[in-house]
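Colleague: So the sequences go chain by chain: H and D. Its first residue numbered 2, the first sequence is counted upward by one per residue in our numbering. Its first residue numbered 2, the second sequence is counted upward by one per residue in our numbering.
Hints are computed from structural coordinates only; laboratory data are not their basis. We treat Cβ as the ideally placed atom computed from N, Cα and C, and that holds for glycine. Watch out, some of these pointers could steer you wrong.
One-sided excerpt, in silico: chain D residues whose CB lies under 10 Å from chain H [unchecked claim]: (1) 56; (2) 57; (3) 76; (4) 103; (5) 125; (6) 129; (7) 133; (8) 188; (9) 195; (10) 199; (11) 202; (12) 240; (13) 254; (14) 263; (15) 265.
2 protein chains.
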Amino acid sequence: MNKTNNTETITRRKLLVNAGKAALGTAGIITLAAALPGFPSKAEATGGSTEKWPWPYVKLDPDKTAELAYQEWYRVFCGAAVINSVFSQLREKVGEPYKSFPSDSFVFLEGGMAGWGTVCGSNAGANIVSNVIIGPRIAGPDCEHGHTIGSEMMQWYSETALPVFTPKEPKQKTAIVQTTSESPLCHVSVGKWMKKSGYALASPERKDRCARVAASVAYKLVQDLNAWKDGKYVTKADWMPGKDVGITAQQNCNECHGTKVPAPPSAKK
Amino acid sequence: MNKTNNTETITRRKLLVNAGKAALGTAGIITLAAALPGFPSKAEATGGSTEKWPWPYVKLDPDKTAELAYQEWYRVFCGAAVINSVFSQLREKVGEPYKSFPSDSFVFLEGGMAGWGTVCGSNAGANIVSNVIIGPRIAGPDCEHGHTIGSEMMQWYSETALPVFTPKEPKQKTAIVQTTSESPLCHVSVGKWMKKSGYALASPERKDRCARVAASVAYKLVQDLNAWKDGKYVTKADWMPGKDVGITAQQNCNECHGTKVPAPPSAKK
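Work the whole structure out from these sequences, hints included.
Modeller: Encoded structure:
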């Protein structure tokens, strides 16, 4: 890929294919952000904090975790639901340091951060869990998968028809339409679902869709954490925005810069 | 404002003016997300976690905090720099529960979350600090300003020519161009700055710009926390996306949906 080309002409598939080649061309697995020209990987975690990584982790059941996330969504919404679905179990099975982590403070991740439609809270919650347990990439090679599990989640979230998890006792009995967001952002993800389903933001169906998305993310998160615990996690994350397009970005420039951006939706009640 | 109108025709200023009227029309100050139709405010924080709010807070010096954030950016980048600029001081002045909070885990907020260009890590870090200290909005009226300080930060960040803070001993001696992002997103904020300044993502100037933005956010964050501690905080946040435009969103639909979206920039090294 010619890095000086205007990215307007680069398709998403080309970007992904080339990013994959680049990843395979270096060391099979790489820490993505380490490749960002703006973010060197050699900083040392020697600040005033007392944290050490990894935090003790015991393998969890993905189904049980997803059910917990689904239920928790109706109490604390997407981001805190994903966090609590994992940490509530680890508080019981492990105790500290999970007991001291203020999971409910992360209610603000709802609606893409206080309703602003930025990153989906389920993605943010998953990144918090993986990085709190495994550690930040600057803490050394043993901690790199905190970062890669989080980045892979955003890629999977963008490319998967969601939700994929159906709870045993759903609060909405009607079928929930699946949509592929092509973005880690709440606004884009919810907007595409609202458009295809015809349901408004305030509808019980939209709420149940988001609860199931949080559950779907929690399910995959625990799958990846379990694989990491077994030493078998190999990241599928292959998006290196700094290196590939010279700016922090999601994986498909034309999704927002091209002609596919719709007119903003009418407000629905 | 006719809520059924297509928002394509609603200007940002109109949105803000009407949102302000709506806020003043109810109770002077309202918890913004409580107005989101998808996010009821009556849920109870009764989950498995042990947290209680507010966490003990002592007033901090905005200048000192901003200097700390600036220095910390070069170790842990934007999000964790904002968190550590406040929590490192509170670890010394207060102790627990700040000592147990894993601040450095939040390195992943860099580059809009692992480089994906979503919410600026400085905004995310500020929201984490205000909501961890004051608590989530679902915990009751005493905790509402965790949410509103975070939301106000995103509004201020979007509307202010940043950076506003200049460190005493800047690593880059050249003047740093100020830009107004009109968005809480990293991609948009960094992109507009790169375009106006002419500097690439990997440049020392871009890094110093982001370090100063983190410092600017930390400065305002402590100003607001100090006012809250004195019982004098009145939020300037007036953006209610669920109520005003029927979808989680930033405050200016046409910024992304209109004709102002530029061609994606060429990659620069």
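Colleague: Hey, does the residue 199(D) contact hint survive, CB to chain H under 10 Å?
Modeller: It is violated, given that the least Cβ distance between residue 199(D) and chain H is near 13 Å, above 10 Å.
Colleague: Is the interface hint satisfied for residue 240(D)? The criterion is a beta-carbon contact with chain H at less than 10 Å.
Modeller: Interface hint status for residue 240(D): holds (7 Å vs cutoff 10 Å).
Colleague: Hint residue 133(D) vs chain H: min CB-CB distance below 10 Å?
Modeller: Cβ of residue 133(D) sits 5 Å from chain H, so the hint holds.
Colleague: Holds or violated: residue 129(D) as interface residue toward chain H, Cβ cutoff 10 Å?
Modeller: Since the shortest Cβ distance to chain H is 8 Å, the answer is holds.
Colleague: For the hint on residue 125(D), just tell me whether its beta-carbon gets within less than 10 Å of chain H.
Modeller: 7 Å, holds
Colleague: Can we keep the residue 195(D) interface hint, with Cβ of chain H closer than 10 Å?
Modeller: 7 Å, holds
Colleague: Quick check on the hint: residue 76(D) CB to chain H CB, less than 10 Å?
Modeller: 5 Å, holds
Colleague: Verify the interface restraint on residue 188(D): the C-beta must sit less than 10 Å from at least one C-beta of chain H.
Modeller: 5 Å, holds
Colleague: Answer holds if the nearest beta-carbon of chain H is closer than 10 Å to that of residue 265(D); otherwise answer violated.
Modeller: Status holds, d = 4 Å.
Colleague: Have a go at the residue 57(D) hint: is there a Cβ in chain H nearer than 10 Å to its own Cβ?
Modeller: Result: violated, 13 Å to nearest chain H Cβ.
Colleague: Under the criterion of a CB-CB separation shorter than 10 Å, is residue 202(D) in contact with chain H as hinted?
Modeller: OK, holds: residue 202(D) within 10 Å of chain H, min 5 Å.
Colleague: Per the CB criterion, is residue 263(D) less than 10 Å away from chain H?
Modeller: Status holds, d = 7 Å.
In terms of the numbered hints stated before, the structure departs from hints 2 and 10, listed from lowest to highest.
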